[in-house]
Structure formats: structure tokens, C-alpha cells
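Read top to bottom, the protein sequences are chains A and S. Position one of the first sequence corresponds to residue 24 (this note's numbering), numbered consecutively onward. Position one of the second sequence corresponds to residue 24 (this note's numbering), numbered consecutively onward.
None of these hints come from the bench; they were simulated from the model. Everything hinted at is true.
DSSO-like mimics (lysine-lysine), calculated; alpha carbons at most 30 Å apart, straight line:
1. A/K332 x S/K332
2. S/K448 x A/K248
3. S/K143 x S/K117
4. A/K448 x S/K72
5. S/K448 x A/K94
6. A/K446 x S/K64
7. S/K447 x A/K91
8. S/K446 x A/K64
There are 2 protein chains.
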Amino acid sequence: MVETVVILAGGEGSRLRPFTKDTPKALIRVAGRELLYRIIKQLGELGVKRFVIVINEKFKGNIENFLKEHKFHAEIICNPHPEKENGYSLYLAKERVKGRFGVVMSDHIYEKEFLEKALKGNGLIVDKVGLYIDRDEATKVKCRDGRIDDIGKGLKEYEGFDTGFFILEDSIFSVAEKILKEKEVLTMSELVKSAGLPCTEVSGYFWMDIDTPEDIEKAKKLLVKTAIKGAGDGFISRNLNRKVSTRISPYLVDKFTPNQITVFTSLLGMLSAVIAFFSPALGGILLQISSMLDGLDGEIARAQMRTTKFGAWLDSVLDRYVDFAFLSALAFYIKPSWAFMPWVFLALFGTIMVSYSTERYKGAYCEDAYAVIRELRYLLGKRDERIFLIMIFTLFGWIKALFILLAIITNIRVILTIYLVWKKKGNE
Amino acid sequence: MVETVVILAGGEGSRLRPFTKDTPKALIRVAGRELLYRIIKQLGELGVKRFVIVINEKFKGNIENFLKEHKFHAEIICNPHPEKENGYSLYLAKERVKGRFGVVMSDHIYEKEFLEKALKGNGLIVDKVGLYIDRDEATKVKCRDGRIDDIGKGLKEYEGFDTGFFILEDSIFSVAEKILKEKEVLTMSELVKSAGLPCTEVSGYFWMDIDTPEDIEKAKKLLVKTAIKGAGDGFISRNLNRKVSTRISPYLVDKFTPNQITVFTSLLGMLSAVIAFFSPALGGILLQISSMLDGLDGEIARAQMRTTKFGAWLDSVLDRYVDFAFLSALAFYIKPSWAFMPWVFLALFGTIMVSYSTERYKGAYCEDAYAVIRELRYLLGKRDERIFLIMIFTLFGWIKALFILLAIITNIRVILTIYLVWKKKGNE
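Kindly produce the complete structure, drawing on both the sequences and the hints.
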């Protein structure tokens with residue numbers, strides 16, 4: 024693993040005007056976070072200890088303020104000749120790095136898993152698939168015997184795409200020096216080609232470079248989409264709720280914090296309970312809408328790199344309020360006889376206990392119940408499924424049947440959870 | 024920290040007959056666990072990597088079977104001359120240990136915190152208080168300038184007591200060799216006195232040696248009592264429930280597993296709910312009894328060194344069943360009008376949510392809410408307090424008032440929990 028990464032942040036972002044009028048390209052915000060914030064934060068979390076940032080001299084004040092605001096520690100090198108291109112920018116870091124080090128373009132966005140693999144690579148990191156990029160605009164790479172043979176936008180034959188991420192040795196500086204004796208301008212492409220760098224494949228992950236306002240919009244959508252990976256969603260969530268929320272998130276991600284969204288969707292849920300007291304069908308529809316929006320806070324938090332444990336905790340607690348309030352409202356709407364009340368009580372109890380049993384599991388074992396006890400994923404009764412059932416049954420006016428169904432589904436789920444936890448973790 | 028500990032387990036335990044008829048003293052069970060199990064398990068958890076056990080040859084089979092059963096890795100040295108005493112036993116380990124190492128008597132029981140400190144000590148570990156031991160019977164120690172000046176049972180002037188735990192250097196073996204050239208018998212006391220070992224004070228923790236059947240009984244009681252330290256109990260628990268449960272635990276600790284007790288007290292709680300359906304007052308008394316016994320499983324688990332995360336999880340989930348069942352039974356007993364039902368629903372909801380909010384906290388932050396947010400300890404509404412209120416109010420027949428009171432107390436507690444967590448951990 025490399026300890027030092029050089030960030031090439033000299034770009035002016037001329038194609039990104041007016042965003043880049045008073046600010047360098049590296050400080051453009053995508054989904055509420057500066058490009059430079061994203062790369063420093065992510066690499067820091069992956070163990071990179073030291074950052075050297077090469078910038079355009081005229082933005083020194085902006086970059087320094089940014090680093091101070093976020094308490095990032097980084098060394099700044101000013102490039103007085105940005106017209107000499109990014110290979111020259113790297114050359115300016117010559118005295119600051121020894122041995123192996125990483126180099127990354129500040130105008131690229133990467134998924135965490137990409138960076139994790141790239142940091143273990145060697146030479147130029149090549150993506151052979153390029154799932155998320157504009158392939159016509161991308162820099163292509165041709166490798167031979169594991170080393171760069173040719174590189175450029177216009178290559179006809181190529182194996183993959185230049186990801187803008189490099190793991191280099193300090194010998195690269197003598198190659199750069201040699202070229203710069205003959206030429207004024209030096210691009211990274213020319214430099215790595217001359218050095219005959221090895222290629223390392225890291226394919227299929229989300230990464231892209233930000234050159235135009237359209238790229239920013241595209242990145243927002245992709246950040247939201249890749250944020251829901253492995254969220255352990257239920258059937259309705261995967262096939263309905265997430266399809267809605269991931270389409271809405273990109274429009275909110277610049278404007279709201281995750282906690283604001285959490286409170287808003289919870290208030291919408293509480294409102295649906297109030298309405299259910301007068302009209303169960305209307306309340307049920309509103310509850311399903313709030314459930315479709317329930318994923319927004321998490322998606323936005325991940326895209327904004329603003330996930331907090333508090334957010335997840337608050338979301339869970341408020342969800343229980345909404346669940347309980349809605350079912351209580353339905354009970355008040357039908358005011359059943361005491362002979363029927365056991366179903367109401369069991370539905371209320373089971374609904375909270377589905378969450379209690381799995382959350383209490385996390386409290387005991389400090390690990391996600393769904394990750395360890397995979398059977399829990401396929402058991403009916405998760406919140407997205409319950410709410411969808413509530414909507415359907417209230418639409419048809421089958422409220423008593425709904426209580427009976429929920430009482431059965433949720434309590435069976437809790438009892439099976441006890442059984443499964445005992446079977447798998449009874450001795451721990 | 025020492026990596027190797029020599030356990031002196033040569034004792035026959037003649038004063039412990041008939042317990043020691045076919046078994047060495049080290050394998051005597053106290054609170055359901057062999058003395059040797061306790062010390063190996065505890066020291067292993069504190070980072071000791073290697074154990075050398077010196078035993079009486081005639082019990083080799085017993086010890087080997089014991090080690091195999093528990094998958095303990097330890098080297099066995101047989102002492103063919105147990106009559107030469109424990110200093111000679113230690114001398115037999117000469118070829119097996121280098122540098123610094125620990126020595127401990129297998130017939131001593133120690134609290135974890137004692138061992139933690141003792142392992143960082145030097146020379147003889149001395150307890151200047153001796154809170155839990157029989158001071159007349161104990162070996163006394165007199166120190167001068169930080170080193171042992173005299174040691175023995177009959178000392179008139181002394182600073183503290185020999186805890187049976189030592190941190191030694193391998194130079195001790197040449198001291199032993201010198202003495203053994205002149206004498207046949209060598210006790211640890213004589214050895215450490217001749218060597219002029221340093222004294223390290225570790226005072227006030229629970230430890231004792233087991234010599235007689237009375238010691239076993241005493242140890243059981245003390246193991247249960249010291250097990251409840253820092254359990255974060257509520258007011259009623261501290262002042263009533265624990266006083267009952269810690270008096271009962273010693274009688275059950277040899278006979279039942281913690282999970283058996285958990286299931287039994289939960290069944291008692293469920294029975295109280297069934298009875299409350301016919302007689303709230305009787306049910307309330309039984310519920311309070313089950314609450315007084317609710318601490319048994321944890322006390323026994325800790326005393327038996329059998330705490331499991333599963334046990335804690337199951338206990339929590341079953342408690343919610345009892346709470347919900349009892350309040351539901353009370354609701355069915357009074358069958359209030361729908362105008363009163365909001366109080367019933369709020370009491371049911373708040374009762375589960377008090378636990379949900381703090382347990383979900385542990386799920387999010389992987390730490391105990393009561394340890395971090397200390398205000399939660401002083402907020403009314405914990406389970407022991409709720410159940411005590413239930414008993415009082417059902418005795419007087421004030422069931423409606425009980426619902427109103429519980430609805431208010433529990434929901435205020437949950438809202439304050441949200442506020443306190445937000446205030447303290449909102450940014451994490």
C-alpha cells in the first residue's frame with residue numbers, strides 16, 4: 024500500500040464555466056461535496072497518510088481555505104506554468120516523494136471499491152469495461168506484455184481506458200526530466216507511455232471524470248445508484264421503492280441534508296396516519312408514498328459522503344412511530360369489539376418486534392443480522408412489504424383482514440428470527 | 024505483559040474431601056466451573072499465550088482430559104514429589120520458561136480486574152486490603168523499600184496479603200537451585216523471600232483461595248455479588264431486585280444454565296400476564312417477583328463464566344413479550360371505551376420504545392447507551408421501575424391511572440432519549 028498520493032489539481036475547468044468562475048475545478052461540488060473533498064476523504068479512509076496537491080497558483084487561497092475548513096492535512100505545490108500540462112505538474116512534486124506513491128486526477132470521481140483495488144495496483148490503472156464513462160471522450164490504452172504500448176483518445180485498437188489513477192516509482196521523475204529537456208509541454212499520457220509503465224486492470228467499478236455540466240448531472244445520478252449496493256432491501260423495496268427514490272435523489276442531493284429528508288419523510292408518514300383516521304385508503308396511499316421516499320435519506324447521505332450513525336438511528340426510531348401511529352389510526356377507524364382486539368394488539372406488537380429483534384441483534388453481536396443470517400432476507404414481513412400490504416388492503420377496505428394478516432406475518436417472523444439466531448449464534 | 028504463566032496445580036486438596044476424592048484440587052468446580060478453567064480462560068482473554076501447568080503425577084489423566092475437553096493448549100509437567108511443596112513444583116518448570124513470566128496458584132479465584140493489574144506488576148502481588156479473604160488464615164507479607172522483607176501466616180506486623188500471583192524473572196530458578204541443594208522441601212513463600220522479590224500492590228479486588236467446602240460456598244456468593252458491578256441497574260433494581268436475586272443465585276449457580284433461568288423467568292412473567300387477565304393484583308405481584316428474578320440469568324452467567332451475546336439478546340426479546348402481554352391483559356381486564364384507548368396504545372408503544380431506542384443505539388454505535396449518555400441512567404421509566412409501578416397500581420386497582428402514567432413516563436423518556444442522543448452524538 025502506498026502512503027503518499029499526489030493529487031493533480033491544476034485544471035481550470037474551462038468547460039465547466041460558470042461553475043469555475045471563481046473556483047478551481049477541484050473545488051466544484053458534485054452531490055454536495057467538492058471533488059477534492061471526495062478524493063482526500065476516501066483515500067484517507069483507505070489508509071493514505073500523506074497528500075501532495077499540485078495546483079494552479081492563482082487558486083492557492085481557495086485551496087488553502089478549503090483544506091483548513093475540513094481540517095485536511097496536505098502539502099501544496101503551486102504550478103506557475105499550468106500551460107505545461109499535468110505531466111509537468113507531477114514533475115514539480117519530485118522533491119516531495121520517495122519510493123512508491125500514488126497519483127490521481129482531482130477531476131475524477133471514484134467508487135470506494137475502485138480505490139481500494141487501485142491502491143494495491145502497479146503503474147497505470149486500466150478499466151477494461153468502462154461501464155459508466157463516455158467511451159468516445161475517454162483516453163484509451165493499449166497494453167502489450169502487461170505494459171503500456173500506446174495511449175490516447177483516438178486509438179482504434181485498445182484494451183481499456185485510462186482511469187486517471189497511477190501507482191508510480193520515483194524513477195518516473197528522471198523520465199520526465201529527460202523529456203522536459205527537449206520539450207516545454209508534458210502530459211501524463213506522454214509521460215507514462217515513455218516510461219513504459221505496467222498496466223493493472225481494475226474493471227467494472229464506478230468512476231468517471233468531470234469535464235462538463237452534463238457530467239455533474241450524470242455523476243449525481245450514478246452516485247445515488249451506486250450508493251444502494253448491498254443495502255439489504257426487501258422485495259417491494261428492490262422492485263418498486265428504490266426505482267422511485269433513486270430517480271428523485273439526484274434532484275435533492277444538492278439541496279438538502281440527509282437528516283432533513285429523514286424528518287420530512289417521517290412527517291409525511293405521520294400525516295398519512297392522521298389521514299388514515301378519516302380515510303384509510305387515502306392514508307394507505309400516502310404511507311406507501313412515504314415508504315417509497317424512505318430510501319432517499321440513505322441514498323443522499325451516501326452520495327454526499329454524509330452518512331452518520333445518528334442518521335440511521337433516528338431513521339429507525341421515527342419509522343417505529345409511523346408504523347405504530349398508522350396501525351393505531353386504523354384501529355380507531357374500525358373500532359372493533361374486544362373479541363377482535365387480540366389481532367390488533369398482536370399486529371402492533373409484531374410490527375415493532377420485527378425491527379426490535381434484528382436491531383437488538385446488532386446491539387448484541389455488533390454485526391448486521393441480515394448479513395450473517397441470510398434466511399432473514401427471504402422471510403416476509405420487512406417494512407417495505409408490510410406497508411405495501413397495508414396500502415393494498417386499505418384500498419379494498421379490508422382492514423380487519425389486514426390486522427389478522429399483519430399479526431400472523433410479523434409474529435411468525437419474530438419467532439423464526441429467534442429460532443434462526445439460536446441455531447446460528449446460540450453459543451456465542 | 025508476560026506471555027507465559029506457570030500454574031501450580033500440584034495440591035491434593037485434603038481439606039476439600041470428599042470433593043477431591045477422585046479429582047485434583049485444580050479441577051474442583053466453583054459456581055459450575057473448575058478452578059483451572061477459570062484461571063486459564065481469564066488469563067487467555069487477557070492476552071497470556073502460553074500455559075505451563077505443574078501437577079501431581081497421579082492426576083495426569085484427569086488434567087489431560089480436562090484440557091482436551093475445553094480445547095485448552097497447555098504444557099503439563101508432572102511433579103513426582105508433591106511433598107516437596109510448591110516452590111519445588113515451580114523449580115521443575117525451569118527448562119520451559121525464559122525471561123519474565125507469571126506464576127499463579129491453581130486454587131485461587133480472581134476477579135478479572137485483579138488479573139489485569141497483576142499481569143502488569145512485578146514480583147509478588149500484594150493486596151493491602153484483603154476485602155474478601157479470611158485474614159487470619161491468609162499469608163501475610165512485610166515489605167521494606169519495595170521488596171519482600173518477611174512473609175508468613177503468623178506475622179504480627181505486615182503491610183498486606185500474599186495473593187498467590189507472581190511476576191518473576193528466570194533468575195528465580197538459580198535461587199531455587201541453591202536452596203534445594205541444602206533442603207528437600209521448598210515453599211513459594213521461602214523462595215520469594217530468599218530472592219528478595221519486589222512487591223506490587225493490587226488492592227481491593229475480589230480474590231480468594233479455596234481450601235475448604237466453606238470457601239466454595241463463600242466464593243459462590245462473592246462471584247455472584249461481584250458479577251453485578253456496572254450492570255447499569257435502575258433504582259428499584261439496585262435497592263430491591265438485586266438484593267433478592269443475589270441471595271438466590273448462589274443456590275442455583277451449580278444447578279442451572281443461564282438460558283434455562285432466562286426461559287424460566289420469562290415463563291413466570293407470561294404466567295403473571297395470564298393471571299392478570301383474571302386478577303390484576305395477583306398478576307402484578309407475580310410480575311414483580313419475575314422482575315426480582317430477572318437478574319438471576321445474568322448473575323449466574325457471569326459467575327459461571329458463561330455469558331453469551333445470545334443470552335443477552337434472548338433475554339431482551341423475551342422481556343418485550345412479557346411487558347406487552349401483561350399490559351394487554353390489563354387492557355382486556357378493564358376493556359375501556361375507545362375514548363380511553365389512546366392511553367392504552369401509548370403505554371404499549373412507549374413501553375417497547377424505551378428499550379428499542381437504547382438497544383437500537385447499541386446497534387448503531389456499538390457501545391452501551393447508558394455508558395455514554397449518563398443522563399439516561401437517571402431518567403425514570405426503566406423496566407424495573409415500570410414493573411414496580413405496575414405492581415403498586417394493580418394492588419390498588421388503579422389500572423386506568425397506570426396506563427396514563429406509563430404512557431406519559433415512557434414516551435417522555437423516549438423523546439428525551441432522542442434529544443440526548445442528538446445532542447451528544449448527532450454528528451457521528
